[in-house]
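Student: The chain contents come next:
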Amino acid sequence: MTGIYDLVPAIALLPLVSFVVALFAGKYLPKKGALAGIAATGGSLVLSLLVALTVATSDGANAGYNETLYTFLEGSSSAPFSLELGVLVDPLSALMLVIVSLISFLVHVFSLGYMNDEGETGLPRYYAGLGLFSFSMLAFVFASNILMAFMFFELVGLCSYLLIGFWFREAGPPSAAKKAFLVTRFGDYFFLVGVVAIFATFGTGAFAGSESFPHLAEQALHGEHAVNTFLGLGEQAWFTVIGLLVLGGVMGKSAQFPLHTWLPDAMEGPTPVSALIHAATMVAAGVFLVARMYGFYALSPTALGVIAFVGGFTALFAATMGVVKQELKQVLAYSTISQYGYMMLALGGGGYVAAVFHLTTHAVFKALLFLGAGSVIIAMHHNENMWDMGGLKDRMPVTYWTFLAGSLALAGIFPFAGFWSKDEVLYETLIHGLGESPLLLGGYTMGLLAVAFTGFYTFRMVFLTFHGKPRTEVAEDPEPVRWNVKGPLVVLGVLATTLGAINMVPIKKLTGADIDYLHQFLDYGPEAFLTNVHHYGELLENPEFAGYGAADIGTTGLLVSAALSLGLALAGAGLAYRLYNVPEPVEHTDRLGRLKTLLMHNYYQDEFQVWLATGLTVPVAKAADTFDQSIIDGVVDGISTVSRFAGRGVRRIQTGVVRNYAALLTLGLVLLVAFFGVTGGWF
Amino acid sequence: MIETQWYLLLSAAVFSIGLFGILVRESALIYLMSVELMLNAANINFVAFSLQHGNLTGQVFALFGMALAAAEVAIGLGIILVLYRNFETIDVTVPTTMRW
Chain A
1 MTGIYDLVPA IALLPLVSFV VALFAGKYLP KKGALAGIAA TGGSLVLSLL
51 VALTVATSDG ANAGYNETLY TFLEGSSSAP FSLELGVLVD PLSALMLVIV
101 SLISFLVHVF SLGYMNDEGE TGLPRYYAGL GLFSFSMLAF VFASNILMAF
151 MFFELVGLCS YLLIGFWFRE AGPPSAAKKA FLVTRFGDYF FLVGVVAIFA
201 TFGTGAFAGS ESFPHLAEQA LHGEHAVNTF LGLGEQAWFT VIGLLVLGGV
251 MGKSAQFPLH TWLPDAMEGP TPVSALIHAA TMVAAGVFLV ARMYGFYALS
301 PTALGVIAFV GGFTALFAAT MGVVKQELKQ VLAYSTISQY GYMMLALGGG
351 GYVAAVFHLT THAVFKALLF LGAGSVIIAM HHNENMWDMG GLKDRMPVTY
401 WTFLAGSLAL AGIFPFAGFW SKDEVLYETL IHGLGESPLL LGGYTMGLLA
451 VAFTGFYTFR MVFLTFHGKP RTEVAEDPEP VRWNVKGPLV VLGVLATTLG
501 AINMVPIKKL TGADIDYLHQ FLDYGPEAFL TNVHHYGELL ENPEFAGYGA
551 ADIGTTGLLV SAALSLGLAL AGAGLAYRLY NVPEPVEHTD RLGRLKTLLM
601 HNYYQDEFQV WLATGLTVPV AKAADTFDQS IIDGVVDGIS TVSRFAGRGV
651 RRIQTGVVRN YAALLTLGLV LLVAFFGVTG GWF
Chain B
1 MIETQWYLLL SAAVFSIGLF GILVRESALI YLMSVELMLN AANINFVAFS
51 LQHGNLTGQV FALFGMALAA AEVAIGLGII LVLYRNFETI DVTVPTTMRW
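Protein sequence lines, in the order shown, are assigned to chains A and B. The first sequence runs 1 to 683 under our numbering. The second sequence runs 1 to 100 under our numbering.
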């Protein structure tokens, strides 16, 4: 039954073909390469579903696949590790393959409405970018080792850069693209160092199996396997350092504080790109990477604690900024940052399944919200300011109802998808916090507070956009959208409503029904891969490693936790309902006064980073330049000046008169003879 | 048989005459002759030591020295001709352009 697994590389290669087709033949094709992209990602989706189905229905070793495809550097005695490209299919990557190819497929269809129907130019370039992105992201997902993961991690970053800067003739997009590239590259710098450290420490970068680096690290802590550690650190401390280095790349890509500043600017790109790259998939790459090597992070309580705190803080921090934004996509951008914070919180808090679950539901409902926003933007003739909208509810019902489903999921309202996943995130963090790791409660508190903010900004956005009276002429008579916009919205809307059913843990705990399907699915992989949930659970609970113990807070605690997050979400949503669901809403956030100014300026994070560049780096660079120019160059110039000066004096003995040369020769000979005579004792 | 040191004295005297010619005279032709004297002083040394040691190598070397001297004269005369064409003189103190 390995037949389907042999086709896994094709999942990524199909979009690569569509990239080539769109790039070279796109302008001769009727839809400028869109059809090739749709066909390719559709094929990828079918294959991904087949692979996921095979994983779910097989048992034992057939439920996964871990093979090397191509070795580009053979290991030798001097360099005892090989660098290779491989395929790793286990439940986690199978799930992620389905998510990525599904969203990619729907975004391609949506692009027909958003790009082709709007008469954009440069479409072959656009579809080539989407194809290349889909290829890189899918290959990243099934990467079997961390070096391959790093390579495709960088490629998705490149595609992000290319697509944010799609409208390169305007002022904003190229600048936003550069910022996104530089900020994520800053994080990737640490990731690269981490990759090298992993190879230097373990001699392998493999993710799964008994020869994988997470397992070698586990054995090293047991004292069963020797590894190289550096900087004079013990094994546990050194593994923490490696984990934090890799986390640098994760924080850049998943837009975690303080490297989140690029994501709101990335909204300059076309909206389908925002939906695909900057909401559902590429930004998920960071979180996915942590989940991929969770067996490694589970060994280090410090790294987990940092992940949880960064996540919790980012969730709250980004949510507060989302409250005051005036543009539809900006609100969504901050909510994306905030939601990825939740996933990090879950990973750090020991809730591996919760994080993957939230990743899945978030990919669906956030892609839905972005595509819904794209639909609104088409209707509003590319005006994104929510204060110019209003009353769109009756004029574009399909967009409204699907957007509402996405918003309810985002805010975490029962029974939409987001409720189940966010509740599980908070619940897992809470029980581990109440158990052995009280520090997690800090992250939990921030995450819980952010729920209220999420409810508020989500429904402020919904009410301002769709409710009340139209505030401009365009909103009175919006441009209609076609099937290719509505189709993806409906698919995602249905999913956002129902996807929570894949992992209804609270119901299971209350009734005993065996319906935590995602949890079971993530445990289907072959035992030998050591990537199954129960293995991670053992690592987490082992006091030698993370030492996470779960407190038993019983059914009451479960209900209280769920009620708390639902209540806060409803409170936020209710406040938004009171303030903004009126025919003529006014900007109530003005009452925040100077706080609003602070929030509108994103806590001056951008200014701070610009200051870091111009106020700190430039003077240091100038000082270094001065040192180079004066000291280093001075020494070199000094040596040459001395030589030239000496040469100018000494050359005067070169008279050009041959007799003088003969005299000098004779003199030299006499002196030489005299010298040998004296030292040789002739006299 | 004449003792070797007499040959050496002769050779030193011939060499010194040659050196004197180079250091004080100005004509290029005298130069050439002086160099010839110095070379031959060396040849006398070779032959004298050859005789002392009863070894023919020194004499063979003297033959090489004479061939060298002949070649040197051929080149030297060529240089002197060019010198005369350029400067209308064979006074070696006049051409001083071959310097910095």
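Worth double-checking, as some hints may not be accurate.
Some but not every residue of chain B turned toward chain A, in silico, with C-beta under 10 Å [unchecked claim]:
1. L19
2. I22
3. L23
4. V24
5. R25
6. A28
7. Y31
8. V47
9. E88
10. T93
11. V94
12. T96
13. M98
14. R99
Residues of chain A clear of chain B, computed beta-carbon distances all greater than 12 Å [to be verified]:
15. E224
16. A226
17. P415
18. A663
What the hints contain is simulated information worked out from the structure, not anything from laboratory work. Please read these numbers as outputs of a predicted model, since none were measured by experiment. All C-beta atoms, glycine included, are put in the ideal place defined by N, C-alpha and C.
Student: Take the hints in turn and mark each one as holding or not.
Tutor: Against the structure, the hints come out as follows:
1. The beta carbon of L19 of chain B is positioned within 10 Å of a beta carbon in chain A (closest approach about 6 Å), and the interface hint is therefore held.
2. Proximity of I22 of chain B to chain A holds as hinted, the smallest CB-CB distance being about 5 Å (cut-off 10 Å).
3. Below 10 Å, beta-carbon pairs count as interface contacts, and L23 of chain B has one with chain A at about 6 Å; its hint therefore holds.
4. The restraint placing V24 of chain B at the interface with chain A holds, with a minimum CB-CB distance near 8 Å, inside the 10 Å limit.
5. Checking R25 of chain B against chain A by beta carbon gives a least distance of about 9 Å; that is within 10 Å, so the hint holds.
6. The closest approach between the C-beta of A28 of chain B and any C-beta of chain A is roughly 9 Å, which is under the 10 Å cut-off, so the hint is satisfied.
7. For Y31 of chain B, the interface hint holds, since its Cβ comes within 10 Å of a Cβ in chain A; the closest pair sits about 8 Å apart.
8. Taken as an interface hint, V47 of chain B does not check out: its beta carbon lies about 22 Å from the nearest beta carbon of chain A, beyond 10 Å.
9. Among the interface hints, the one on E88 of chain B is violated; its C-beta lies about 17 Å from the nearest C-beta in chain A, farther than the 10 Å criterion.
10. For the restraint placing T93 of chain B at the interface with chain A, the shortest Cβ-Cβ distance is roughly 5 Å, inside the 10 Å limit, so the hint holds.
11. Of the supplied interface hints, the one on V94 of chain B holds, with its beta-carbon coming within about 9 Å of a beta-carbon of chain A, less than 10 Å.
12. Here the hint on T96 of chain B is kept, as its CB sits about 4 Å from the closest CB of chain A, short of 10 Å.
13. The beta carbon of M98 of chain B comes within 5 Å of a beta carbon in chain A, closer than 10 Å, and the hint placing it at the interface holds.
14. With its C-beta approaching chain A no nearer than about 3 Å, R99 of chain B sits inside the 10 Å limit, and its interface hint holds.
15. With a least beta-carbon separation of about 77 Å from chain B, E224 of chain A lies farther than 12 Å from that chain, consistent with its non-interface assignment.
16. At the 12 Å boundary, the C-beta of A226 of chain A stays outside the reach of chain B, the nearest C-beta of that chain being 69 Å off.
17. Listed as outside the interface, P415 of chain A is consistent with that label: its C-beta sits roughly 97 Å from the nearest C-beta of chain B, beyond the 12 Å cut-off.
18. Against the 12 Å criterion, A663 of chain A falls within the reach of chain B, whose nearest CB is about 6 Å from its own CB.
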